[in-house]
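Model the placement of chain E on the given structure of chain W, informed by the hints.
Just so you know, the sequences run in chain order W and E.
When the letters of the first sequence are read in order and numbered with full-length UniProt numbering, they come out as residues 1 to 223.
When the letters of the second sequence are read in order and numbered with full-length UniProt numbering, they come out as residues 1 to 223.
All the given hints hold, so there is nothing to weed out.
Where chains are identical, the list cannot tell them apart; a pair therefore holds if satisfied intra-copy or between any two copies.
Derived lysine to aspartate or glutamate pairs resembling EDC-like cross-links, with alpha carbons at most 16 Å apart:
1. Lys14 to Asp142
2. Lys86 to Glu62
3. Lys16 to Asp61
4. Lys86 to Asp61
Simulated from the structure, these hints should not be mistaken for lab results.
Protein chains: 2
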Amino acid sequence: MPRIHFQQQLAELKEKILAMAALSQQALDACVDAYLQRDKGLIEFVRQNERAINSAQRELDEMAYDLLAKEQPMAIDLRFILAVIKINGDLERIGDQAMSIAVRTQDLIECEPLDLPIEIDGMRTCAAGMIRTALQALLDADAYVAESVLAMDDDIDRMNRIAHEELTKFIQNNPNCSQQALQAIIISRNLERIADHATNIAMDVIFWVRGADVRHQLSAIVD
Amino acid sequence: MPRIHFQQQLAELKEKILAMAALSQQALDACVDAYLQRDKGLIEFVRQNERAINSAQRELDEMAYDLLAKEQPMAIDLRFILAVIKINGDLERIGDQAMSIAVRTQDLIECEPLDLPIEIDGMRTCAAGMIRTALQALLDADAYVAESVLAMDDDIDRMNRIAHEELTKFIQNNPNCSQQALQAIIISRNLERIADHATNIAMDVIFWVRGADVRHQLSAIVD
Chain W
1 MPRIHFQQQL AELKEKILAM AALSQQALDA CVDAYLQRDK GLIEFVRQNE RAINSAQREL
61 DEMAYDLLAK EQPMAIDLRF ILAVIKINGD LERIGDQAMS IAVRTQDLIE CEPLDLPIEI
121 DGMRTCAAGM IRTALQALLD ADAYVAESVL AMDDDIDRMN RIAHEELTKF IQNNPNCSQQ
181 ALQAIIISRN LERIADHATN IAMDVIFWVR GADVRHQLSA IVD
Chain E
1 MPRIHFQQQL AELKEKILAM AALSQQALDA CVDAYLQRDK GLIEFVRQNE RAINSAQREL
61 DEMAYDLLAK EQPMAIDLRF ILAVIKINGD LERIGDQAMS IAVRTQDLIE CEPLDLPIEI
121 DGMRTCAAGM IRTALQALLD ADAYVAESVL AMDDDIDRMN RIAHEELTKF IQNNPNCSQQ
181 ALQAIIISRN LERIADHATN IAMDVIFWVR GADVRHQLSA IVD
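Next up, chain W with everything else stripped away, as it sits in the complex (with noise of 0.2 Å):
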């Protein structure tokens, strides 16, 4: 029965790529905490976290790459596994976002404590959500709910454009305090471009189910 084993494979590769997500959905969870609450033991978690997230992704190249070899998959089978490929990608970056964040959280603590205009906690939420989403319309071949991931982009998208302003303000007011309201700002960023990777994935998940190409049928997303 080699078909019945195959079919066993990719339900192994869907686990596979859930776990990874669920490490990329730590990183973040972990450096915006660290982020809020001044942590250092959790900006050592996310860095230990990003190792894992490293092996887990190639683990699970690795995996994906010996079933194209192996099994030679068909039409929807071969689509999904290269959409699990570019999405393990994706939340790999995640990873590489969430440290990043981490790193200049790390700077912020060196600083006295500063209100800074940021709605971080809302990003993160937008965020995450964007991810579980994108992860749920993996689980269930769901182009429309992929499809809603993409509208919530925008929400993000906003979020850190009145964070730019709103920052550039405050060094304007505050110039001595210039070097943490740019680590802000770059914060700002890493969470935006973590909703793109969210994008991305749901992009991957609609071309999966649906064999369409709709990455260029919205404008450029910047990573």
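Below, chain E alone, put in the same frame as chain W:
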């Protein structure tokens, strides 16, 4: 002679990825020239070029997927096609970064000219050299040449760090110019990220040639 036909298709895929790379390199050159010359026409050129990049990416991806589905390639050919799919994604993202530079340049042109402390031409030269070298490595299937790209990434990281520090100081001394200086900080990061994409391309070449996964042997590349 189906195998000869297949080899021809692989050669065509290589040609297409080089054409795609030419568009990305053109985008990089045009957006930096737009910045240096404050030229609105070049900004419009980057915009049109980005649409061409998106079409080229879609076409190349479709060709790669067709090859995977119809020819069911093994081993080295499979790895080559998978590398092309990933390289294609990185080249498209170089186009996105160039577009981001063009948008920020458009804002800068609206303001009075300022002598900002950023070596944008030097960063461009470095990033362009990395892309060129990574593509040479692809053409020659040369993992050693690809490895040299990884070393070059340190230079542009350093330039980005210096730009960030100098521009932060500049903001502290000239808070009224912080909006322009912030745009320059983001442009500097865009250029550094273009270099990261060149590094990704080099790693994909190594993966193709050696079959090894080098992606996590070096420190995380934040994309």
